[in-house]
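Chemist: Assemble the whole structure, with the sequences as input and the hints as a guide.
Protein chains: 2
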Amino acid sequence: MSNDPLVVFTPSGKRGRFPKGTPVLTAARQLGVDLDSVCGGRGICSKCQITPGYGEFSKHGVSVHEDALSEWNGVEQRYQDKRGLKAGRRLGCQAQIMGDVVIDVPPESQVHKQVVRKAASARVIEMDPATRLYFVEVDEADMHEPTGDLERLARALREQWDIPAIRADLSLLSKLQPVLRKGKYQVTVALHKSHNDTVARVLEIWPGLHESGLFGLAIDLGSTTVAAHLTNLETGEVVASSGIMNPQIRFGEDLMSRVSYSMMNPGGDKEMTASVRDALNTLAEEIAKEAGIDAALIVETVFVCNPVMHHLLLGIDPVELGQAPFALATSGSLSLNARELDLSVINPRARVYILPCIAGHVGADAAAVALSEEPGKSKDLVLVVDVGTNAEILLGDTTRVLACSSPTGPAFEGAQISSGQRAAPGAIDAIRIDPITKEPRFRVIGSDLWSDEDGFEAATEGSGITGICGSGIIEAVAELRMAGLLDDSGLIGSAEATGTDRMIAEGRTHGYLIYDATDQGGPRITVTQGDIRAIQLAKSALYAGARLLMDERGVDKVDRVVLAGAFGAHISSKHAMVLGMIPDVPLEKVTSAGNAAGTGARIALCNVAARVEIERVVGEITKVETAIAPKFQEHFVAANAIPHKTDPFPELAKIVVLPSPNFNTRGDDGAGDGGRRRRRRS
Amino acid sequence: MSNDPLVVFTPSGKRGRFPKGTPVLTAARQLGVDLDSVCGGRGICSKCQITPGYGEFSKHGVSVHEDALSEWNGVEQRYQDKRGLKAGRRLGCQAQIMGDVVIDVPPESQVHKQVVRKAASARVIEMDPATRLYFVEVDEADMHEPTGDLERLARALREQWDIPAIRADLSLLSKLQPVLRKGKYQVTVALHKSHNDTVARVLEIWPGLHESGLFGLAIDLGSTTVAAHLTNLETGEVVASSGIMNPQIRFGEDLMSRVSYSMMNPGGDKEMTASVRDALNTLAEEIAKEAGIDAALIVETVFVCNPVMHHLLLGIDPVELGQAPFALATSGSLSLNARELDLSVINPRARVYILPCIAGHVGADAAAVALSEEPGKSKDLVLVVDVGTNAEILLGDTTRVLACSSPTGPAFEGAQISSGQRAAPGAIDAIRIDPITKEPRFRVIGSDLWSDEDGFEAATEGSGITGICGSGIIEAVAELRMAGLLDDSGLIGSAEATGTDRMIAEGRTHGYLIYDATDQGGPRITVTQGDIRAIQLAKSALYAGARLLMDERGVDKVDRVVLAGAFGAHISSKHAMVLGMIPDVPLEKVTSAGNAAGTGARIALCNVAARVEIERVVGEITKVETAIAPKFQEHFVAANAIPHKTDPFPELAKIVVLPSPNFNTRGDDGAGDGGRRRRRRS
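As they're listed, the protein sequences go chains A and B. Numbered per UniProt numbering, the first sequence spans residues 1 to 682. Numbered per UniProt numbering, the second sequence spans residues 1 to 682.
Don't take each hint at face value.
It does not matter which identical chain is meant; a pair holds if it fits inside one copy or across any two.
[Said to hold, decoys possible] Capping the alpha-carbon separation at 25 Å, the derived lysine-lysine pairs in DSS-like fashion look like this: (1) 182 / 270; (2) 438 / 182; (3) 175 / 270; (4) 631 / 645; (5) 175 / 113; (6) 557 / 377; (7) 289 / 623; (8) 82 / 270; (9) 377 / 289; (10) 113 / 20.
If you are wondering where the hints come from, they were derived from the structure by calculation, not from laboratory data.
Modeler: Right under this line is the structure:
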């Protein structure tokens with residue numbers, strides 16, 4: 001056995017013997033221990049900090065003496081004096097191994113840090129971003145060997161960091177020489193190593209050691225909202241999150257109306273492209289300001305979006321997405337320069353990655369949900385539903401994943417609802433109807449109080465009570481059904497049939513009065529028969545899409561359901577089930593993934609291998625097109641009933657007993673086509 | 001032996017047997033015969049035209065019967081009716097082999113056409129451009145297999161043309177869908193296959209078969225003149241050539257004054273960059289107009305230029321090139337998008353290739369000269385001199401090539417000469433001095449007549465006689481020397497010493513009067529002692545640079561000299577030799593290569609392998625830096641005499657007997673520092 005000192009690294013447990021005098025960083029590299037270094041062992045970046053352990057380590061069979069590491073040298077001392085090291089810490093590149101030692105690598109010194117995604121989830125994102133910092137010493141220009149500065153920088157990166165080849169934009173080239181001179185030929189470069197390019201790109205260069213960090217934006221570009229997470233690319237920390245309205249709303253609330261706008265107005269697509277790009281610049285500016293960083297430090301942006309937003313972001317007329325066969329101009333992932341998208345606030349050489357689209361109606365946002373929720377890694381059969389104006393639906397387990405989109409329409413977002421509004425202060429977002437008194441109580445966004453609690457009026461004085469939002473209308477319809485005010489065909493009962501004055505006649509149909517402030521000049525908030533029909537259409541489309549995937553998979557039920565999307569986070573599982581939005585599963589098997597698309601974007605931003613992964617996964621997903629599936633219409637009609645005409649909901653029955661009134665006084669089946677039949681008979 | 005028919009292709013001589021019914025194009029491809037096709041054998045592009053030969057071909061041992069090829073089919077007949085084929089021609093993709101046959105592939109049907117470079121040279125450029133046209137049939141969009149249009153185009157190119165992978169800019173993506181629809185999924189794409197990228201770029205797409213050709217620009221971006229050759233990338237034909245003044249002249253006549261402008265004026269480099277890019281757009285617009293083509297058909301541009309112009313074109317401040325160690329920002333070749341250089345007139349996705357620089361003072365123009373003149377392939381030792389404000393000098397043979405640049409200054413271009421002017425109508429560009437009468441006769445640009453010929457006055461009435469240009473001043477100095485009016489030290493004799501009134505006193509020195517129109521308010525054109533000194537400085541620098549390379553190579557003489565550069569074409573070899581601009585060789589061994597840099601640019605434009613070649617060659621060239629070579633100064637001083645102080649010129653002596661006057665009346669050596677000595681003595 002060698003007499004060389006034994007070094008044990010924790011937490012990895014990797015161990016090996018090294019000659020006395022070996023720097024800890026060198027030992028770590030040789031053992032493949034994940035110990036960071038930007039300056040390459042020059043004692044200036046401090047990324048390689050380690051904590052030696054002293055004393056007896058019976059677990060490792062090591063006894064560590066006080067002189068196990070070399071004494072502080074000048075470089076380490078200078079760093080300590082200038083910047084300070086945490087107690088017990090040493091610089092791994094300076095401290096040399098002199099005897100057996102146990103070395104702990106603290107989390108912040110690891111390159112491949114594990115970043116917890118969110119409190120509710122055990123899953124982590126492993127930091128492995130495409131763009132990293134490298135400190136290099138470049139040879140000075142030499143007349144006898146006249147290569148260019150870029151070529152000498154390339155050589156330094158090859159020799160000092162094993163980077164085989166680099167490229168640089170003209171804008172980088174134009175600053176290369178002054179920066180090299182200013183840094184006395186010591187510079188830090190931000191190098192972008194794409195997963196589909198063997199040549200690394202120099203995105204930025206700073207004289208000396210750059211210590212202000214490196215940032216990326218993960219952007220979920222929705223039809224209604226654009227949400228961005230500004231992420232530190234070294235630590236994975238989200239340093240700021242921000243969202244703005246998608247300014248394209250003025251061209252059309254939903255996607256198809258934007259496609260129509262483009263069809264009807266020559267150059268309309270270009271207007272929409274310009275408006276969303278402007279908004280992205282505004283968003284980047286605001287989020288950088290909020291985080292207190294220079295926007296030029298943002299060197300990467302990842303986008304997830306639906307196919308129409310995808311095309312409009314890229315400057316492609318989305319007209320083909322408005323009609324069968326819904327052909328995408330490109331379905332693959334895209335790696336672009338940010339300036340190709342007119343993103344002018346962030347670093348001028350920033351890179352953009354856009355996740356692949358799954359199909360003409362199943363976009364990069366669905367791919368991001370797949371990346372975040374990983375249905376393909378699920379042992380039980382999981383249905384992932386990203387609820388929005390268009391619902392993206394994924395069904396799968398380790399054997400196979402299927403995907404479709406279903407045109408739910410905007411009802412779930414409060415649009416096309418008589419008292420509907422966006423989720424904003426003043427909107428009713430939760431409601432309960434007493435099954436005995438049939439009286440409602442509700443909450444509005446901006447206050448946690450129910451309307452029958454003390455202080456509600458004061459708490460809502462500022463916002464008022466202005467309407468009902470998406471989650472509110474879902475709860476309202478489900479509550480009406482549970483309170484026996486709505487039959488399974490979706491008909492609202494009259495005041496006579498239900499025995500409550502809350503039921504008000506509206507032409508030949510009835511409505512339910514939630515709130516009336518007309519005497520004070522305020523709004524009158526009701527749920528009308530028309531609202532019920534709109535929700536029925538939306539939920540039928542969603543359910544039919546899920547059933548189509550289940551047919552394709554050959555199953556009648558799923559093991560669990562994940563509700564994704566910003567909206568998914570606010571839906572009450574029980575109410576969604578009563579409504580028959582989703583297939584029947586035990587209530588505890590319905591979970592919310594929050595903004596799964598946004599999380600997918602963050603994963604792709606922080607981990608370059610995830611880009612390879614999702615590109616592979618998307619290629620393997622079975623795409624199901626709802627628009628041309630004959631069974632879709634059949635499922636759609638059957639799903640019109642609340643919760644369903646034919647499918648049993650045994651799990652729902654265990655927790656809720658639904659009354660069985662029948663408000664059909666005309667003897668028809670009360671389905672959506674009742675009106676037509678009525679006309680025929682009269 | 002097989003009974004299959006034998007096919008012999010001419011001029012290649014390739015032969016093989018193929019089953020009856022094999023299309024000629026298929027046979028050609030299997031044998032590796034160079035037969036073009038853009039449409040891939042669909043009978044629409046007509047690029048694969050061939051000429052079958054009938055009768056006895058004893059040379060090939062083949063007897064060809066009338067029915068050796070299949071009869072005209074419908075496709076071929078339709079083509080014939082619509083467009084017409086030359087007599088005897090068939091479409092190679094339609095005509096099938098039915099019996100033994102001899103097939104001639106006419107030059108215009110060859111992909112790798114040989115393009116004669118210029119009448120005076122036997123060398124040819126083999127057509128193998130980076131960008132070519134491909135006609136493809138793309139699968140229509142299919143909802144059941146929802147890939148993007150770009151992905152289906154990629155598949156079509158892979159399956160129909162063996163193109164492994166493509167990429168496309170957003171601007172191409174945005175037009176992809178309408179073009180595919182318009183062409184009913186049959187389109188022609190211009191694909192750019194770079195020598196340093198495995199992924200081909202789609203530069204342009206047209207519905208159906210594109211027949212308006214594809215063009216490229218070869219641009220020699222000089223300090224004074226920007227010259228462009230518009231070249232058909234299919235045929236290699238130069239369809240138009242045009243040149244404009246480099247507008248940067250207003251910032252400084254020579255390169256170093258432009259570098260100074262940048263040093264003294266913050267943002268000055270950006271002004272110069274913008275001005276040259278503007279000029280390039282103007283040039284592209286004019287040349288396309290001249291050729292009558294749509295400028296959007298220009299999909300490639302190749303640039304050659306000196307290092308300062310290189311940096312100013314790229315938007316890099318050239319300040320480092322103004323001082324030792326003359327560091328280039330980048331020395332490697334560059335492959336760029338034209339729009340990165342703000343080239344907005346040509347195709348928006350056009351590619352730019354810039355040849356590598358050899359060193360801080362030896363630019364991509366010198367690399368282009370090396371590509372054109374191929375000193376590394378010369379069996380005898382050749383000195384290539386590209387004469388300009390800065391002279392680029394190459395010395396080499398098959399064993400080794402050396403390069404340097406030498407700061408000749410602008411005297412050779414007529415600048416800093418008392419009566420000097422640019423080469424423009426009215427400028428004296430040739431002069432003879434009678435050795436007996438000492439009287440001059442001369443020619444001016446714009447007329448072929450000598451000044452003592454009838455009609456000279458009428459012929460020059462329009463232009464006038466305005467000054468003396470670069471080749472004129474060289475001839476004037478050499479003629480003065482041959483007429484005994486100038487001694488070998490460069491001193492001009494007085495009227496008394498020479499016996500002619502043409503010698504006029506100018507202060508303490510003398511001048512030679514060529515032309516005097518002052519009595520008519522016109523100019524007085526003289527060669528002054530100062531002019532002689534300026535030419536001596538320039539020619540000494542040139543000769544010293546050549547000698548430095550010869551020293552490095554360990555030789556005292558070279559086998560031949562090539563004068564390159566637009567200016568090289570107008571220098572009389574004999575006068576250059578009398579002046580001692582170039583080393584002594586037999587006069588017939590001095591040739592002019594014309595604009596060798598421009599030719600190099602054309603080669604790199606037409607043949608992508610030449611780009612690989614020149615990048616390799618530049619890496620192997622030995623760079624010699626004149627600014628730091630101690631012997632340079634020594635050579636420079638010795639070269640001050642006319643033709644030379646110490647080097648013998650035996651070849652020159654065979655054709656010219658130089659008089660040996662001595663006009664030094666003061667006893668000093670008449671060298672350039674005589675003035676200083678004079679002051680010391682007085």
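Chemist: Hint by hint, note whether the structure agrees.
Modeler: Now for the hints, and whether the structure bears them out:
1. 182 / 270: between (43 Å within a copy, 21 Å between copies)
2. 438 / 182: neither (76 Å within a copy, 61 Å between copies)
3. 175 / 270: between (33 Å within a copy, 13 Å between copies)
4. 631 / 645: Within one copy, since 15 Å is at most 25 Å while 101 Å is not.
5. 175 / 113: neither (32 Å within a copy, 43 Å between copies)
6. 557 / 377: within (19 Å within a copy, 77 Å between copies)
7. 289 / 623: neither (41 Å within a copy, 51 Å between copies)
8. 82 / 270: The answer is neither: 53 Å in one copy and 40 Å across copies each exceed 25 Å.
9. 377 / 289: neither (39 Å within a copy, 61 Å between copies)
10. 113 / 20: Neither: 29 Å inside a chain and 68 Å across chains, both beyond 25 Å.
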